[in-house]
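Trainee: One-letter residues, chain by chain:
There are 2 protein chains.
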Amino acid sequence: MQYTKNFYQIKSTEEIFENIKLEKTHIGYYSLPYQDTTEIKEFVKTVEQKHIVVLGIGGSSLGTYAIHKFLQHKENDKKLHFLESTDPLDIHCKISKIDLNDALFIIISKSGTTIETISILKHLSFVTTVDKNNCIVITEDDSKLNDFAVHNGMKRFFIPKNVGGRFSVFSAVGLVPLAIIGIDIDNLLNGCKEVDDSFFNKKEFYDEIMQKGRFIVENKNRFNINVIFSYSSLLEGFNKWYIQLWGESLGKLNINMTKQGFTPIGILGPVDQHSFLQLIMEGKRDKTVTFIKVEDFEDDIAIPDISLFGLEEFDYINKLPFKQLINEQADATIEAIENLKDIPCDVITIDRIDEYNLAKLMYGYQLLTSVIGKFVQINTYDQPGVEAGKIILKEKLQG
Amino acid sequence: MQYTKNFYQIKSTEEIFENIKLEKTHIGYYSLPYQDTTEIKEFVKTVEQKHIVVLGIGGSSLGTYAIHKFLQHKENDKKLHFLESTDPLDIHCKISKIDLNDALFIIISKSGTTIETISILKHLSFVTTVDKNNCIVITEDDSKLNDFAVHNGMKRFFIPKNVGGRFSVFSAVGLVPLAIIGIDIDNLLNGCKEVDDSFFNKKEFYDEIMQKGRFIVENKNRFNINVIFSYSSLLEGFNKWYIQLWGESLGKLNINMTKQGFTPIGILGPVDQHSFLQLIMEGKRDKTVTFIKVEDFEDDIAIPDISLFGLEEFDYINKLPFKQLINEQADATIEAIENLKDIPCDVITIDRIDEYNLAKLMYGYQLLTSVIGKFVQINTYDQPGVEAGKIILKEKLQG
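Quick mapping for you: the protein sequence lines, in order, are chains A and B.
Residues in the first sequence are numbered from -14 upward in steps of one, following my numbering.
Residues in the second sequence are numbered from -14 upward in steps of one, following my numbering.
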């Protein structure tokens, strides 16, 4: 007797783990922690410009932006800019803040055919000189954009073919601009290695990621929205990066052509206590909530010990360090949600604000995304759904 | 025979309209378009500082931020800052960009007891002098913060008691800071008046708002997520404002204690074509999508007529104005979604980027929110769900 099936069913955790180990041999992001960064660090020493302009969209900029936002207070005095939208007023506004005579342009496009990036590159080529002295290119090694770079003698870094855009932050895509602004990229990779080792050797992260992935998948029809509630403004970029990673990787047709979807939402505490929190507390029970806290902000600024007329009732917060206040706010919100009992909720606490800890968080989320993709039996790494719009656009423009 | 009921049922459009007309007599935001702005404009003439610092969170800042982001290229040379989070690194970073000796602080809190605002006010009082020469207050006329302002002889503007924070952008909360940075506040109010007149006299906006509200409510169990997809980076602030308005107003228990929830998501085109769009296209059908386009960006910057080696295939976009490119991108995405047939989608087109048109959009969304609140029989204007966390926090801190 034989039995074959093509229907979707949640596999065992062990089977998922074996599948992940199999894809590790051909999905490129798993190898990035172990890359040699010598060439990047050598190149960085030659960069003299003050304004570093990343020209890229989606996976070509979001990860870099996330790490930059988190660590900007530790960066050197170079200024990082991002050009991505085709909104003409946005282009004007952003370019007006760049000293074009003291700028390095980093053109990033995996395929080399991103229309937003090419059109802004053309605009830059018109308003200033763009040549090998102020422009480098990060792309696949056989793209049209690579031909452009070779022809112009521009320095190139490559995105491996098997590394997708939204999984590329720890490739040259992120490492080159981040190293230039003073981020310790080896420490970023150390964070990734720590998670990689822990997960694949079934240590701490294995249980955490597998259990979380399984819970989300098992309850996906009830809780179709996954909220990340980050208690630090510095995680604003991380939230955006998460939204792309989660939305674009997991919003797919599965093997039975059933539409899967895990809707990511990123909010910030305490600001969004005054916005989205009410919906979480009293709204429909369709959300899981993951809190992210920073254990130590390494900043001792405290609320001063002064009494303001009329506001004396607030003297109880005097002498309280802000870093404690924000964490108490987080804990109070967590407790309020936990008291409701019917909102699935977990808490990730980052030890401190540095490369190592943010990389652990991001690499862990990449692994979690891969695990969930395996659970729901989709291709986590493509994005076929956006092609239709691109084809229609080309038809419109080429008439 | 008598028949009474307490169960939830979708009422007729006409009944909803009558209910809205009834609440118009006691809900304050409906009256704001007709306020006298003389006092604000007179005050603005006296402001000499270059740095305008809004100290407020949630409804005290989001609306102002939305209008500022949309019109920043038309503002005068004053610089607007927002202090809201208790994140110590965020506070440092933002204050470092303010010339404290040339700053006007605008303390905004409806209740006057917002812990984030009070703690940052204390910090400011410690690092600089905060007095009637550089500080004004916007609050309810009997709040503790009002006492503080009176005691210090500070200029005060008032938030009417019956205007909720997230509906307060067209009160002094928004108008005072916006007028200072050169926004035409009368033209903002003209936009509101236009929508108010149209809706309440059952002209154009009446059908639009009523039909949309009814659709969203009738399909709320199937489509529990409402995405706004704005095709201009300038609408980033509007998206955030919408998220608060929608989430905090409509995430409530209804008259049968059933948890209602309409989850707002705000994304930007074309950037999020490279992020969230895949999820919309192939993910679970749990979303409605509202596109917002700008008819005329009033900017003629075009892609230059140059050919880049290797990238000659893109010469077809040469001479195309960016404002046309972004709108063609919007139209292509809309067409791709419409072709799928099973994603409810509508398109709002703003004529141009000015006070009048943004106010129409925002006031229209306030009305839509009120209408949906009536349909689902909730209190649109309170936020009881966030109180639990506040009480826990106070206990922790006073512990």
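These are computed hints drawn from the structure, not numbers from a lab.
Where a beta carbon is used, it is the ideal one built from N, C-alpha and C, also for glycine.
A hint or two may mislead.
Unchecked claim - Over 10 Å on every C-beta distance to chain A, these chain B residues come out as not near it, computed from the model:
1) S110
2) K129
3) E267
4) I291
5) K308
6) E313
7) K381
Claimed, not checked - Simulated pairs of lysine to aspartate or glutamate, DMTMM-like, Cα-Cα distance not exceeding 20 Å:
8) K375/B / D84/A
9) K187/B / E0/B
10) K26/B / D169/B
11) K117/A / D84/A
12) K381/A / E189/B
13) K379/B / E297/A
14) K381/A / E280/B
15) K278/B / E189/B
16) K375/A / E24/B
Trainee: Now tell me, hint by hint, if it's right for this structure.
Mentor: Hint by hint, here is what the structure shows:
1. S110: Violated: least Cβ distance 6 Å, not greater than 10 Å.
2. K129: Not fine: 5 Å to the nearest Cβ puts K129/B too close to chain A.
3. E267: At roughly 4 Å from the nearest Cβ of chain A, E267/B sits no farther out than 10 Å, so the non-interface label is violated.
4. I291: 6 Å, violated
5. K308: 5 Å, violated
6. E313: Violated, since 5 Å does not exceed 10 Å.
7. K381: At roughly 5 Å from the nearest Cβ of chain A, K381/B sits no farther out than 10 Å, so the non-interface label is violated.
8. K375/B / D84/A: 46 Å, violated
9. K187/B / E0/B: 14 Å, holds
10. K26/B / D169/B: 10 Å, holds
11. K117/A / D84/A: 17 Å, holds
12. K381/A / E189/B: 31 Å, violated
13. K379/B / E297/A: 15 Å, holds
14. K381/A / E280/B: 17 Å, holds
15. K278/B / E189/B: 19 Å, holds
16. K375/A / E24/B: Given pair K375/A, E24/B is violated - Cα atoms ~52 Å apart, limit 20 Å.
Checked against the numbered hints above, the structure violates hints 1, 2, 3, 4, 5, 6, 7, 8, 12, 16; every other hint is satisfied.
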